[in-house]
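Could you use the hints to bring the two separately framed chains together as a complex?
Take a look at the letters that make up each chain.
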Amino acid sequence: MTAAMGNRNVKIAIFLVGLFIVAILPLFFNESSGFIDDCTLALAYIVMALGLNIIVGFAGLLDLGYVAFFAIGAYTMGWFASGFYAEADIHVFVGEFASSIPGIHVNFLIVLIIAAAFTTLAGIVIGLPTLRLRGDYIAIVTLAFGEIIHRIAINGDEVQIAEGFPLTNGRQGITPVDKIDLPFIEPFTSLNLRPWYWVALALALFVLFVNFRLRDSRLGRAWIALREDEVAAISMGIPAVKTKLLAYGTGAAFGGMSGAFLASYLNTVNADQFAFSFSIFVLAMVILGGLGSIWGVVLGAVALTFINYRLIPDVLNDVPNKVGLDFDLSELSFGIFGFLLVIMMVLRPEGLIPERRRQMELEQGIGTGDTELDLVEP
Amino acid sequence: MTDASPDLILDARDVSKVFGGLTAVGGVNFGIPRGGIVSLIGPNGAGKTTFFNMLTGLYKPTTGRIVFDEKAITGGRPDKIMALGIARTFQNIRLFGTMSARENVMVGEHARMRAGLFGSILRTPRVRREERHVSDKAAEELAYVGLPPNTFDQLAINLSYGDQRRVEIARALASDPKLLLLDEPTAGMNPQESDELTALMHRLRDERGLTILLIEHDMKVVMGVSEYITVLDHGEKIAEGLPEQVRNDDRVIEAYLGKGAVHE
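For the record, the sequence lines run as chains A and B. The first sequence: position 144 = 144 (the working numbering), numbered continuously. Add 1000 to the 1-based position in the second sequence for the working numbering, that's all there is to it.
Be careful, since some hints might not be right.
Per label pair, the in silico range of CB-to-CB distance [said to hold, decoys possible]:
| no. | chain 1 | residue 1 | chain 2 | residue 2 | range |
| --- | --- | --- | --- | --- | --- |
| 1 | B | Leu1022 | A | Ser330 | 54 to 62 Å |
| 2 | B | Arg1077 | A | Asn192 | 52 to 60 Å |
| 3 | B | Thr1023 | A | Val346 | 48 to 56 Å |
Per the computed footprint, the stretches of chain A lying under chain B, defined by three or more beta-carbons under 8 Å from a beta-carbon of chain B, are [claimed, not checked]:
| no. | segment |
| --- | --- |
| 4 | 213 to 223 |
| 5 | 229 to 239 |
| 6 | 353 to 362 |
Far from chain B by the CB rule (all over 10 Å, computed), these chain A residues [as the list claims (entries may be wrong)]:
| no. | residue |
| --- | --- |
| 7 | Phe29 |
| 8 | Phe35 |
| 9 | Gly95 |
| 10 | Val125 |
| 11 | Pro129 |
| 12 | Ala144 |
| 13 | Arg151 |
| 14 | Val210 |
| 15 | Lys322 |
| 16 | Asp328 |
| 17 | Leu340 |
| 18 | Gly367 |
Calculated from the structure, these hints are not laboratory results. Note that CB positions come from ideal geometry on N, CA and C, so glycine has one too.
Same shape as in the complex, but just chain B (with noise of 0.2 Å):
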């Protein structure tokens, strides 16, 4: 990705986060066109996640200076970032455990609401209407993600464990996000909901018009849905470009398989 690039939704320069000696992420620049779907990939503690969330504002970048959608985002506070349109899942299911699929992704709707504090003591028409029409939305939102209708009213935590990734792609969903930030999201699939989520990604973007950043472990997956890839290692980048040159990077394989494997 180069300066020269037009139309990044994301544009991520010089980003380092550093906790007490650690760098955790190093001086990283990293750009997503919009409308793509694009891989961040690297061993386990590479700091993929860390730059997640730099990017989410869960933490603040020690160094450097993240724009989405034209608007400086750098240590924002979590929930305006997620006003502005970047939704994420997580690396470990994070549902609300005692709520409901639907009442779950009515929470991600909670920046499009507008009920406040007497509104809901009165409970308003206008009140009952936006939370109808919520209600409606979280279930178009399963529907969409590929949940049987039978499980939207049933708590979070009795849903299997490809459902729960998908309410939590639903929740996510529910903020009209632009970019979309998926975490591992093939953790514990089997091949076929592997295979299911990597057509739901395609179908997002096509008929949404979302963009999609992606962590990812499961290598087919990764190779089989992103445009483009960018690989850390310890922090920093180590690679960038399309999947056929990344496989093939040597940077990359000694990455993963240690030295030496380069050569063999």
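Bound conformation, chain A alone (with noise of 0.2 Å):
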């Protein structure tokens, strides 16, 4: 017992040092350098593949639509604060320059929790067609979810909510959208990244909190159970549904709140943000790290974001130029990432930092079984 809290203290110092360590890191870079601009990408990004591992690490929901969800999130911002519905006039509790243009304006902080709800009530949406499903259906209509998303995103120009109330911009995009500015706080600028920085890692936190208190909790021993055997889980008295539902709800408000806070921080919400492309992303960071393992997840975000956003474009990007060959690198990003699972795959497929449980799984061969009770009566 001792021994297991000296342990315990111990993570818990560590934590707080590198916690420490990760607050002041802007404190050494330029306010607008490209550094701290992955860097915050990165946070935004560590959100997503968390929420996502609720949905597919914890609940072992195989979601190939998850960009779905990053959608809905940013256009929550762009629709609650932007300009795009010039005709409104509509300001709640924003700063003095929001408040001097027309459009919806409502404060960033509302917004988040705006497209954590609208994202939760998508992830039932998504959810409840899902769950008479066994594991590759699920993904493949995940899949035509997320895709229907992007669709409706890239034509939602000539969809009419009301006279001068479009959808979506399309791909010309809303844009500018509201910079966020809290109260007691100056508004935020692009010209210093910083704060944005630390509203990224508070949100990265938040989430990271909730991962970790979902995973030894009632519900998430349910979700372990509902993955493994779900015909012993429901006859234990786990409800399948209502418990499946919990997991996509969940994951799909962080894949809200990321969005809005990604719509305000790329300053537009682009329907070609939303290609089926970003949801494979997302979840190459899950795998990459290990299905069901908070840090691993975490690890697998930083690595690809910074693959994806520096190595490729920056680093290596004149690699085929100077070997004679005539294209950039940043072209290949996804064959990359591609090759880079068949790697992990071949060498480690628990990820960089295994979780026990799936690893177990994965070695023993447990919950791949007779396990899903076909409940569609012949």
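Next up, the structure:
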């Protein structure tokens, strides 16, 4: 007991030291440095990857349409915090600048909550039809859902909610989007990236906290039980529908919050951001890090963000030119991710930092047998 | 079991299950007296487990009506039926492999717990208390079924076969059921373990007032523990009665040993 508690204290100490370093990191770099930019993106992607980890890692529901939640969160920001709906004139707890321009302008924190609510709802909508399905089919339905949302985003400029209120702005994008403007703090600008970084860090810490708490809870146990043996789980009193929907709902909410943040940070909500490849990008973070492994997923998100935004476009981009080939490496980025995943599957299928249970399931074939009940009666 | 029986904890009337063209269970009437230990026997493929699956909600009956504790449960959801007080074990052990024995039993208490999404995230004092209570209760149940204390926190799949069976029973007990369904609990056990299990069943009934329905192939166990026996063959009830009656029933002997066995 004391050894375990001592171990726990050591872990907390390591975490606090690490957190301190991460928190003061931006102070060592220029206010608008590309490094802080990459770090902020990495933190936002950690939020998404940890959200997806609840769905795929904890509950074992393979979701290939996670980009839908990014899109819905981002559009929530676009609808409620930009000059897009110029005919409206609604201002809720926003600073001087946003108050002076037409459109709907709602405080960032409120938009964050609305985005979480919308995406939770979307998570339940996508969850409901998949609940009767087995593994692979869930993937197909969620893939379609992601693509539907993408199509709606592209063509939504033709859809009028009301006269003068189109659903989206298609490929042109909703821009500019309100910058974060919190009470007592100076309005955020694109010249000083440090506050953005800290907000993203706060979001990531929040999601990290929720991940840990849910993993070691009644709900976490129910997810493991359903994942490993659905028949036994429902026979032991676990309501399958409700429990799975809670995974979809919470996982989706974090995708939405990150989406709302990114809309403000990137200053645009553009239909082209919401392609299928983004779902794979986030899923790759979860798989690379280790399904269900919280720290693994964090590592996976950071690694893939830096590979995608720094290593490929900046460091290695002209390698093909140097060897006499006529293309940029960034054109191949998804090929590179695919290659990375193949290497991982061969060398270390359980991920960089494996989760104990997931590793056991993988090695001993738990949860792969006849564990799902065909609830559709003949 | 006649209609006049006053206190049936479970009453299944004319229950059938048809899979495509195959009638797995056909028009079975079946009652369990409260506080009894009742067995369901029959050759392999007789429809015993299918019948179990209908009682617990895994299958919806094609026809018929099932009443448990004066509530209709026909075709109800498994988790709701479990919450009403029917718990089961499985023929092929279905423990959660990556969980310890204790965690497995804690899953069995799921329906009796209240911690929700936000309570779990905030880990309120009430949720903490509940977790502690559930963990302690899991240990009590494991001790009750006779698992050695040093194995409580071992992974379920590393336990011996007999101990895994015990954990499964403890997991079922954790939900405080009124009716316990055991699907071939002594399969793969040695005679000593079988005897211990028989004793456990008696204790469960006498100390906790549980009603037990047992599917079993080991006739020594069946005859030793059952107060009443129902025999299924090809999905139909061919005999029922006290162990003595069933043992000497011509149709039962025929079902087990084949035609002609009766006359030799």
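We went through each hint and held it up to the structure:
| no. | hint | verdict |
| --- | --- | --- |
| 1 | B/Leu1022 <-> A/Ser330: 54 to 62 Å | 59 Å, holds |
| 2 | B/Arg1077 <-> A/Asn192: 52 to 60 Å | 55 Å, holds |
| 3 | B/Thr1023 <-> A/Val346: 48 to 56 Å | 50 Å, holds |
| 4 | 213 to 223 | holds (count 8) |
| 5 | 229 to 239 | holds (count 10) |
| 6 | 353 to 362 | holds (count 4) |
| 7 | Phe29 | 33 Å, holds |
| 8 | Phe35 | 33 Å, holds |
| 9 | Gly95 | 31 Å, holds |
| 10 | Val125 | 18 Å, holds |
| 11 | Pro129 | 18 Å, holds |
| 12 | Ala144 | 27 Å, holds |
| 13 | Arg151 | 32 Å, holds |
| 14 | Val210 | 5 Å, violated |
| 15 | Lys322 | 48 Å, holds |
| 16 | Asp328 | 44 Å, holds |
| 17 | Leu340 | 27 Å, holds |
| 18 | Gly367 | 8 Å, violated |
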